[in-house]
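**Q** Since the structure of chain A is already known, use the hints to place chains B, C and D on it.
4 protein chains.
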Amino acid sequence: MSPTPRLFNIDCTLSYKLAQTTDFVFQIHALESADQHIQSESLKLTSSAFYRVYEDPHVGQRFLRVQAKPGNFNLRYKAKVAVARPPRRRKAPEMAIAELPDEVLHNLMPTRYCESDLLASAANKLFGHVAPGCSRVETICDWIHENIEYRTGSTDSTSTACDVFLKHAGVCRDFAHLGVTLCRALNIPARLAVGYAMFDTPPPDFHAMFEAYVGGRWELFDPTRMSDPRELVLIATGRDAKDVAFSTIFGPVQTLAILPEVERA
Amino acid sequence: MSPTPRLFNIDCTLSYKLAQTTDFVFQIHALESADQHIQSESLKLTSSAFYRVYEDPHVGQRFLRVQAKPGNFNLRYKAKVAVARPPRRRKAPEMAIAELPDEVLHNLMPTRYCESDLLASAANKLFGHVAPGCSRVETICDWIHENIEYRTGSTDSTSTACDVFLKHAGVCRDFAHLGVTLCRALNIPARLAVGYAMFDTPPPDFHAMFEAYVGGRWELFDPTRMSDPRELVLIATGRDAKDVAFSTIFGPVQTLAILPEVERA
Amino acid sequence: MSPTPRLFNIDCTLSYKLAQTTDFVFQIHALESADQHIQSESLKLTSSAFYRVYEDPHVGQRFLRVQAKPGNFNLRYKAKVAVARPPRRRKAPEMAIAELPDEVLHNLMPTRYCESDLLASAANKLFGHVAPGCSRVETICDWIHENIEYRTGSTDSTSTACDVFLKHAGVCRDFAHLGVTLCRALNIPARLAVGYAMFDTPPPDFHAMFEAYVGGRWELFDPTRMSDPRELVLIATGRDAKDVAFSTIFGPVQTLAILPEVERA
Amino acid sequence: MSPTPRLFNIDCTLSYKLAQTTDFVFQIHALESADQHIQSESLKLTSSAFYRVYEDPHVGQRFLRVQAKPGNFNLRYKAKVAVARPPRRRKAPEMAIAELPDEVLHNLMPTRYCESDLLASAANKLFGHVAPGCSRVETICDWIHENIEYRTGSTDSTSTACDVFLKHAGVCRDFAHLGVTLCRALNIPARLAVGYAMFDTPPPDFHAMFEAYVGGRWELFDPTRMSDPRELVLIATGRDAKDVAFSTIFGPVQTLAILPEVERA
Chain A
1 MSPTPRLFNI DCTLSYKLAQ TTDFVFQIHA LESADQHIQS ESLKLTSSAF YRVYEDPHVG
61 QRFLRVQAKP GNFNLRYKAK VAVARPPRRR KAPEMAIAEL PDEVLHNLMP TRYCESDLLA
121 SAANKLFGHV APGCSRVETI CDWIHENIEY RTGSTDSTST ACDVFLKHAG VCRDFAHLGV
181 TLCRALNIPA RLAVGYAMFD TPPPDFHAMF EAYVGGRWEL FDPTRMSDPR ELVLIATGRD
241 AKDVAFSTIF GPVQTLAILP EVERA
Chain B
1 MSPTPRLFNI DCTLSYKLAQ TTDFVFQIHA LESADQHIQS ESLKLTSSAF YRVYEDPHVG
61 QRFLRVQAKP GNFNLRYKAK VAVARPPRRR KAPEMAIAEL PDEVLHNLMP TRYCESDLLA
121 SAANKLFGHV APGCSRVETI CDWIHENIEY RTGSTDSTST ACDVFLKHAG VCRDFAHLGV
181 TLCRALNIPA RLAVGYAMFD TPPPDFHAMF EAYVGGRWEL FDPTRMSDPR ELVLIATGRD
241 AKDVAFSTIF GPVQTLAILP EVERA
Chain C
1 MSPTPRLFNI DCTLSYKLAQ TTDFVFQIHA LESADQHIQS ESLKLTSSAF YRVYEDPHVG
61 QRFLRVQAKP GNFNLRYKAK VAVARPPRRR KAPEMAIAEL PDEVLHNLMP TRYCESDLLA
121 SAANKLFGHV APGCSRVETI CDWIHENIEY RTGSTDSTST ACDVFLKHAG VCRDFAHLGV
181 TLCRALNIPA RLAVGYAMFD TPPPDFHAMF EAYVGGRWEL FDPTRMSDPR ELVLIATGRD
241 AKDVAFSTIF GPVQTLAILP EVERA
Chain D
1 MSPTPRLFNI DCTLSYKLAQ TTDFVFQIHA LESADQHIQS ESLKLTSSAF YRVYEDPHVG
61 QRFLRVQAKP GNFNLRYKAK VAVARPPRRR KAPEMAIAEL PDEVLHNLMP TRYCESDLLA
121 SAANKLFGHV APGCSRVETI CDWIHENIEY RTGSTDSTST ACDVFLKHAG VCRDFAHLGV
181 TLCRALNIPA RLAVGYAMFD TPPPDFHAMF EAYVGGRWEL FDPTRMSDPR ELVLIATGRD
241 AKDVAFSTIF GPVQTLAILP EVERA
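Chains as they are written, first to last, in our numbering: chain A, 1 to 265; chain B, 1 to 265; chain C, 1 to 265; chain D, 1 to 265.
This is chain A alone, in the form it adopts within the complex (with noise of 0.2 Å):
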């Protein structure tokens, strides 16, 4: 039986300076899916960008590409979303490498952000004792909430989950980039989960989880404990952050506002 959905309501608004014409992808639309179902949406751009919207076909999440011309450019996102997520199987037991999908294989190479190879030795020595399965997962999490100290600007855009694992401390992408690398290093398929999160104290922003593939399905963690699993509005789930990044921009921009807004309908 499907649990009762939940609607959010997102109202994403972002904007830039522009000095001269610049190339952006976008990843900002809710995903539909199984377990999320989009009830209404509108995007708006100022009128002068050219755009178009890209659904990857086997994944199904959208690329907004834009080029926009100099001056200011602004982009509102608002969309009503149903999460349906099911509760975290915790008995899902992990699935030997020859039971694994063709399609999900690729989720336990190490990647830009994630590189499972260089942490393997240290998974192992955490956590290689560890009985499998999805509650290993949650001793992952459990791991890096006690270990790794949540500092904003702590980190930037090229910290990978060496660095974090180094410092520490990062946020929320780095906590889900070091729950995926952890997870590959012990074969377990992980991915990045980015989406739309209700926080208890503002300020409003993406939020990065991640997904471990166990007992046949993808379950979602948030190593943060800053929201819930059940009640992201998800973007998107790729390699890593540069698979998913929300923005990504040709040429030096001045940001203006970043303002992904979301709340129970």
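Since the hints were derived computationally from the structure, they do not count as laboratory data. Wrong hints could be hidden among the right ones.
Identical chains share a label here; the pair holds if one copy fits it or two copies do between them.
Said to hold, decoys possible - Think about it this way: if two alpha-carbon atoms lie no more than 20 Å apart in a straight line, the pair counts; the simulated DMTMM-like pairs of lysine to aspartate or glutamate are:
#1 Lys91 x Glu261
#2 Lys242 x Asp117
#3 Lys78 x Asp11
#4 Lys44 x Asp11
#5 Lys125 x Glu146
#6 Lys78 x Glu231
#7 Lys125 x Asp56
#8 Lys80 x Glu263
#9 Lys242 x Asp102
#10 Lys78 x Glu41
#11 Lys125 x Asp142
#12 Lys125 x Glu103
#13 Lys69 x Glu99
#14 Lys91 x Glu263
#15 Lys80 x Glu146
#16 Lys44 x Asp23
#17 Lys91 x Asp142
#18 Lys17 x Glu138
#19 Lys125 x Asp228
#20 Lys78 x Glu32
#21 Lys80 x Asp205
#22 Lys80 x Glu32
**A** Okay, now just chains B, C and D, sitting in the frame of chain A:
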């Protein structure tokens, strides 16, 4: 008009000794594509091994998934392949971000072995003033050939483009990773390409080159200058070596033989 | 015959705002040496601060140790210094390991900011075939000047020679660290040198150069070419920037002013 | 009252095969110090080798500089040494920066293998809330012992404290580097200490521990717990392994034997 096809015979033998049941993913099958046609092929494995071949629906490359029992495990892949790769279009222009096809966009992103974000500053210092186009990629290849020493054993499986740039030494996959990375740093989409190559001097080995997307097409480059791109029997292209490893082995094994032979048919 | 001394007036003001009692170690005193004579000097600190000057018995450089109370802390050092540094002996040979004085030997070793072990391969590829001698160090300086972009803000206090080599960008201390590192990698003893320098363009700042040990003497080099080595009023030499930092501060402070002025007397 | 001295016999054999004239710097001589007295010693080298012993005037450690001709080069150092190291004063307090002796100050700085700046954040997260003093250094040693796996071959001569922290694995010198680094990150002066140690299980080998400066004295710690600090026959202390390497070799050699034997006399 299409170039006259060149015919190659592939005869690839891989052999391992296993102490326990072991999972493998191999990428050894020649690619069927517009430029490359498989006239015949055969695959033979130690009979006790379970296996299946998975063809990626988007790129077409094939993954051979194997679970082999303790003892010797042998694999032999033979193929007759016709390669008709058109000559490089040296006048091909670089493309504006806005012109890039949707599915090519992600080839601008940094990956595990290709930290184009970290080498962006160096790439711009070295090649920022070179006229854009296919010829700029050739300039990058020339620079790599002149500055990076080809030295067996100078790097290992964790070495990235940054490591290679620091060492000024590497092997074919390192040369290719550096090419990919410098291109991406200049907003030229690029990806790794691996296959069977004929070298002037033995031993035969899997070879890595790279492709850059210029003039609306993927063009193949070999910064090692060890073989002719028109004579590469392509196995796969991917973000970097992790996507296209000829073998990914889950667990410790003893390697007995890696003999990817190729000759003109 | 000794060169005619050049006279310089140093007027160095440092100013901080402290929220709590804070310890400092400064290296701002001009060095008294064979090539450099202090004609007069004065030091004035906020009167509530405790301080002492420690002169290193081996090198002669002076450390100003300070403990300052909460509030504003100001320091002013003035000196009149005669510098009579002989011109570089461009024909000086490199020395065999066995000929190096005992106390110079350690200047071949890698340090925090100068990973000569990691850059050994690149140094040999780039400069291994250049004829040895003082002129080879000049070739290294030329290479740095041509290839590394001087860009304020491109590096920070944790940046090492490897980082600078990767970025192909840096500031004076980075240029000097890279010079030190490439020399050591070629078995030429080298060390960092810092002091007061006159630049063509303001603002005045502490400057870093490096020294290489050739022909039985330490010779001074400035790969930034921003100032004349004969006009550097030397403060100290050391293994790398950590040995000769103008300020080492134990705790968070607000910096109000760093004004190391120098002019021809 | 001084502890009863323990007597040790050192018998250290080093043997190399050289293809060309090669320079070496060895640090194999036992240190003469307040806690350690050399009762007798002898040194014998292949007769064709030139050598000299250089005693560092500040620390007292001895460097054996050798130039050996092509062919076999052998070295044998024997010594009878009385070690009377007082027991660790576990109540010793940490010292304020302002109280540290001038010559100890530099032991707060990061070095090639001990990047205390990069690990400052982790050190504070892990040990910032532990009560200061000698016992905090013991807590650091306990943490290292529990979290870092002793694994021969897991690191190499370029591995730093950060690498070891990332791998959660290393050998004695790595454990000691990590101890040094975490101490410095907390403003506790620390340095590497190497010597001859008796292990429960063979083979004999040079051993690395570290010293922390607490309560006005250098105290010795062994985070590997493989041997008793009171039984280390000290060779040298230094900033990190580069300062106290038992051998620094200028050029390629073939190592035939490294046999640093020690036993109770």
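**Q** Hint by hint, note whether the structure agrees.
**A** Hint by hint, here is what the structure shows:
no.	hint	result
1	Lys91 x Glu261	neither (34 Å within a copy, 48 Å between copies)
2	Lys242 x Asp117	both (18 Å within a copy, 11 Å between copies)
3	Lys78 x Asp11	within (5 Å within a copy, 57 Å between copies)
4	Lys44 x Asp11	within (11 Å within a copy, 57 Å between copies)
5	Lys125 x Glu146	both (17 Å within a copy, 10 Å between copies)
6	Lys78 x Glu231	within (17 Å within a copy, 52 Å between copies)
7	Lys125 x Asp56	neither (38 Å within a copy, 35 Å between copies)
8	Lys80 x Glu263	within (10 Å within a copy, 61 Å between copies)
9	Lys242 x Asp102	between (22 Å within a copy, 16 Å between copies)
10	Lys78 x Glu41	within (5 Å within a copy, 54 Å between copies)
11	Lys125 x Asp142	both (16 Å within a copy, 16 Å between copies)
12	Lys125 x Glu103	neither (29 Å within a copy, 39 Å between copies)
13	Lys69 x Glu99	between (50 Å within a copy, 16 Å between copies)
14	Lys91 x Glu263	neither (31 Å within a copy, 53 Å between copies)
15	Lys80 x Glu146	neither (35 Å within a copy, 50 Å between copies)
16	Lys44 x Asp23	within (17 Å within a copy, 50 Å between copies)
17	Lys91 x Asp142	within (17 Å within a copy, 34 Å between copies)
18	Lys17 x Glu138	neither (42 Å within a copy, 36 Å between copies)
19	Lys125 x Asp228	neither (29 Å within a copy, 26 Å between copies)
20	Lys78 x Glu32	within (14 Å within a copy, 44 Å between copies)
21	Lys80 x Asp205	within (17 Å within a copy, 55 Å between copies)
22	Lys80 x Glu32	within (12 Å within a copy, 45 Å between copies)
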